[in-house]
Amino acid sequence: MRVVSLVPSLTELVWALSPDVLVGRTRFCLEPDAVRLIPAVGGTKNPDVAAIAALAPDLVIANREENRREDVEALRLAGLEVLVTDPNTVDQAMAVCVEIAARLEVPERGFEMGREATSVLREPLPKRRLRVFVAVWHEPLMGLGSESYGHDLIEHCGAINILAGQPRYPEITLAEVARLAPELILLPDEPYPFKEKHLEVYESIAPARVIDGKVLWWYGPRMAESMRILRRMFSEASG
Numbered sequence: 006m007r008v009v010s011l012v013p014s015l016t017e018l019v020w021a022l023s024p025d026v027l028v029g030r031t032r033f034c035l036e037p038d039a040v041r042l043i044p045a046v047g048g049t050k051n052p053d054v055a056a057i058a059a060l061a062p063d064l065v066i067a068n069r070e071e072n073r074r075e076d077v078e079a080l081r082l083a084g085l086e087v088l089v090t091d092p093n094t095v096d097q098a099m100a101v102c103v104e105i106a107a108r109l110e111v112p113e114r115g116f117e118m119g120r121e122a123t124s125v126l127r128e129p130l131p132k133r134r135l136r137v138f139v140a141v142w143h144e145p146l147m148g149l150g151s152e153s154y155g156h157d158l159i160e161h162c163g164a165i166n167i168l169a170g171q172p173r174y175p176e177i178t179l180a181e182v183a184r185l186a187p188e189l190i191l192l193p194d195e196p197y198p199f200k201e202k203h204l205e206v207y208e209s210i211a212p213a214r215v216i217d218g219k220v221l222w223w224y225g226p227r228m229a230e231s232m233r234i235l236r237r238m239f240s241e242a243s244g
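Its first residue numbered 6, the sequence shown is counted upward by one per residue in this note's numbering.
Treat the hints with care, as some may be off.
[Stated by the list, open to error] Taking lysine-lysine pairs in the DSS-like style, the calculated list, with each CA pair at most 25 Å apart, reads:
{"no.": "1", "residue 1": "219", "residue 2": "202"}
{"no.": "2", "residue 1": "50", "residue 2": "219"}
{"no.": "3", "residue 1": "219", "residue 2": "200"}
No lab work stands behind these hints: they were computed from the structure.
The whole structure should be built from the sequences, with the hints applied where relevant.
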């Protein structure tokens with residue numbers, strides 16, 4: 006089996022499941038460090054179709070949000086099989102892990118990732134559900150709405166997403182955020198590179214924290230630990 010992954014989180018997943026099958030990645034696929042030795046075939050938005058085809062992969066793994074439809078179509082026109090993932094809930098993310106593990110002929114490893122995450126979900130939730138705002142972009146300010154893995158993860162970890170019911174990544178003003186009365190603001194360092202210097206703007210509304218974006222957006226081998234991190238954070242913040 007030969008696999009090319011066009012998504013950083015899925016590259017990490019493939020490596021965790023069966024590292025020997027990975028023959029190509031994007032230049033943004035840098036986790037774990039060992040994958041940097043794998044040939045890069047362009048970026049997530051501009052993969053080099055010819056370079057990918059030259060690697061003769063049995064499977065190319067992409068994501069509906071991360072990768073462009075025209076690139077997926079070009080890869081398929083080149084005769085390559087492309088698996089396009091689109092998990093918008095925790096359960097769907099677990100299913101992706103199981104599906105990819107099955108395709109790589111290591112099904113038990115996928116089931117084990119799901120079991121570990123499910124075990125964390127069975128642990129007691131924080132006593133009080135904290136109202137949380139997650140910033141996705143700074144200028145214009147965009148937040149995390151519904152219909153996304155990150156939203157469902159937050160809800161599963163015992164918090165209330167104040168933008169629940171809104172589109173996936175709605176634009177919003179600071180005044181509107183304030184009116185929704187969050188008790189904690191999360192500033193993930195991806196896709197926008199939030200840093201400590203941004204805290205002052207948001208802390209005028211509520212306590213804010215810069216966090217590793219992979220906790221919110223990446224599933225796979227780090228899913229269970231991300232749940233533990235968020236549950237601990239929400240529990241501490243809710244008192």
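- Query: Hint numbers the structure violates, sorted upward?
  - Reply: When the structure is compared with the hints, none of them turns out to be violated.
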